[in-house]
Structure formats: C-alpha cells, structure tokens
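For the sequence shown, counting from 1, position 104 maps to 104 in this note's numbering; every step adds exactly one.
Among the clues, some could well be false.
[Said to hold, decoys possible] Have a look at the derived ranges for each label pair, beta carbon to beta carbon:
1) Gly12 - Val63: 17 to 27 angstroms
2) Met1 - Phe45: 16 to 26 angstroms
3) Ser91 - Leu71: 30 to 40 angstroms
4) Asn47 - Thr89: 15 to 25 angstroms
5) Met66 - Gly87: 15 to 25 angstroms
6) Ser26 - Ser86: 11 to 21 angstroms
7) Ser91 - Met1: 32 to 42 angstroms
8) Ala31 - Gly2: 14 to 24 angstroms
Quick caveat, the hints were computed from the structure, so don't treat them as lab data.
From the three backbone atoms N, C-alpha and C, an ideal C-beta is built for every residue, glycine too.
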Amino acid sequence: MGNLTLFLVQWGLTSLSLWVASYIFSGLRFADGGSLLIAALLLGFANAIVKPLLILFTLPLTVVTMGLFLLVINALVLMLVSAVVSGFTISSFWTAFFASIFISLFSLFVSGLVF
1 MGNLTLFLVQ
11 WGLTSLSLWV
21 ASYIFSGLRF
31 ADGGSLLIAA
41 LLLGFANAIV
51 KPLLILFTLP
61 LTVVTMGLFL
71 LVINALVLML
81 VSAVVSGFTI
91 SSFWTAFFAS
101 IFISLFSLFV
111 SGLVF
C-alpha cells in the first residue's frame, strides 16, 4: 500500500473506532459526521506528536506505576482533542479513560483484520 492509502485507511479505522465508542459510551458525543472526521484526524496527529511528549515528560511516573499511567495519558489526549474540536464532547475524565481503552482495543482488533 502507498503512504496516502495507508494514511486514509488508518484515518478511517480511527473514525470507525470513535463512532462505535460514541454508541457505547453515552458521555462521548459527536454533533455530526464532520466533527467525527476532524476528531479522528486530530486524534491521529495528537497520538503522533503530543502523546510521545507527554510520555517523555511523565516517564518517572509511568515507570513507578509500571506503565498504568499511559492509560491516563491516552484519556488526556482524547480530552485534548475534544477541547479543540467543536461538536465533539466528552462528559468526564472517566468517560475519556474507558473510551480511550475501548478505542485502542477496537482499533487494534480491526487493524488486525485489515492488515
């Protein structure tokens, strides 16, 4: 697959994961399809740029918690995206926490089927 095709497939998988999560978690909502697609795009960029920086800055805490703090970082990145994208709302930290776990696992499962 070409780079653009791989990017579009990954964006589609992230969009699908967010869409399914919005049906499972009542505190995660999208106003329309446009906000879903923009949120998926920004989540990909945030996972590529912001998340590694957060991991680096919180490395001692991550080591002390044996990696469990990475779940908090995932939730914070998801909340950051919801703060930036209008039409994408998350009701609480715990909704973001459990939704980020679901999104990660669902994306991993679907990626395994596609690739």
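Right, here's what the structure says about each hint:
Range check, Gly12 to Val63: about 35 angstroms between beta-carbon atoms, so the 17 to 27 angstroms window is missed. For Met1 and Phe45, the hinted distance range of 16 to 26 angstroms is satisfied, since their beta carbons lie about 20 angstroms from each other. Taking 30 to 40 angstroms as the suggested C-beta distance range, the pair Ser91 and Leu71 does not conform, at roughly 18 angstroms. As the Cβ distance of Asn47 to Thr89 is approximately 20 angstroms, the hint placing it in 15 to 25 angstroms holds.
Remark: the range hint 15 to 25 angstroms for Met66 to Gly87 is contradicted by a beta-carbon distance near 37 angstroms. For the pair Ser26 and Ser86, the beta carbons lie near 20 angstroms from each other, so the given range of 11 to 21 angstroms is met. For Ser91 and Met1, the hinted distance range of 32 to 42 angstroms is satisfied, since their beta carbons lie about 37 angstroms from each other. Roughly 33 angstroms separates the CB atoms of Ala31 and Gly2, a value that falls outside the hinted 14 to 24 angstroms.
Consistency with the previously given hints fails for numbers 1, 3, 5 and 8, ordered from lowest to highest.
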